[in-house]
Amino acid sequence: GAGVSQSPRYKVAKRGQDVALRCDPISGHVSLFWYQQALGQGPEFLTYFQNEAQLDKSGLPSDRFFAERPEGSVSTLKIQRTQQEDSAVYLCATREGWETQYFGPGTRLLVL
Amino acid sequence: AQKVTQAQTEISVVEKEDVTLDCVYETRDTTYYLFWYKQPPSGELVFLIRRNSFDEQNEISGRYSWNFQKSTSSFNFTITASQVVDSAVYFCALSEAGMETSGSRLTFGEGTQLTVNP
Chain A
1 GAGVSQSPRY KVAKRGQDVA LRCDPISGHV SLFWYQQALG QGPEFLTYFQ
51 NEAQLDKSGL PSDRFFAERP EGSVSTLKIQ RTQQEDSAVY LCATREGWET
101 QYFGPGTRLL VL
Chain B
1001 AQKVTQAQTE ISVVEKEDVT LDCVYETRDT TYYLFWYKQP PSGELVFLIR
1051 RNSFDEQNEI SGRYSWNFQK STSSFNFTIT ASQVVDSAVY FCALSEAGME
1101 TSGSRLTFGE GTQLTVNP
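Taken in order, these protein sequences are the chains called A and B.
All residue numbers for the first sequence refer to our numbering, where the first residue is 1 and numbers rise by one.
All residue numbers for the second sequence refer to our numbering, where the first residue is 1001 and numbers rise by one.
If you are wondering where the hints come from, they were derived from the structure by calculation, not from laboratory data.
The beta carbon of each residue, even a glycine, is placed where N, CA and C say it ideally should be.
Just to be clear, a hint being listed does not mean it is correct.
Claimed, not checked - Here's a subset of chain B near chain A, in silico, CB distances under 10 Å, partners left out:
no., residue
1, Q1039
2, R1050
3, S1053
4, D1055
Looking at chain A on its own, in the form it has when it is part of the complex (with noise of 0.2 Å):
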């Protein structure tokens, strides 16, 4: 079946800009999660949402980055006022019970 997808693949923002990154899950999956991956570096952990529900949002970096899943399935990041520091892959990743988690191709952001 299909995987979890990820729009745009590619992002350019000037700084300042707002910014939003959608992840379709896998059909069913419940839990969705965002990771951050700088160059170089493992993907570190933003958020998590249990169908609608955001349950834990200790990973993100500052009262810019929010995500939201209205509907428990689609799930958009958004960035406001985006900084080059915003700069990385940005991975959803989602899964059906408590087992695997199954991630997308990623968007790569990059702020100017």
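Since chain A is already given, all that's left is putting chain B on it; use the hints.
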């Protein structure tokens, strides 16, 4: 707090050599899961294996094998007879089991860049 350490930043081998990627973890939990993911140049993280903390049996899948030792908090990954297509960044990761609020988030190591030369 959880921590995963992959001390090898880069490894370069010649095709057909065997190679072992090291992973050492720290956790206070008695129940946890360990994972290996592969990240090819395309960027997508590809799931390879999941082990729970109660199962120390080594596992073999084709050319891949994993050695889990709780006594040394290690979960090493060996590729036998490496191939050029194995070139990628490999990540070891750890999660708590059954944490409702955190969803059992993954804590990743820094990754090991494996290059297999023809």
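Which numbered hints are broken by the structure, listed smallest first? Going through the list in order, the structure violates hints 3 and 4 and respects the others.
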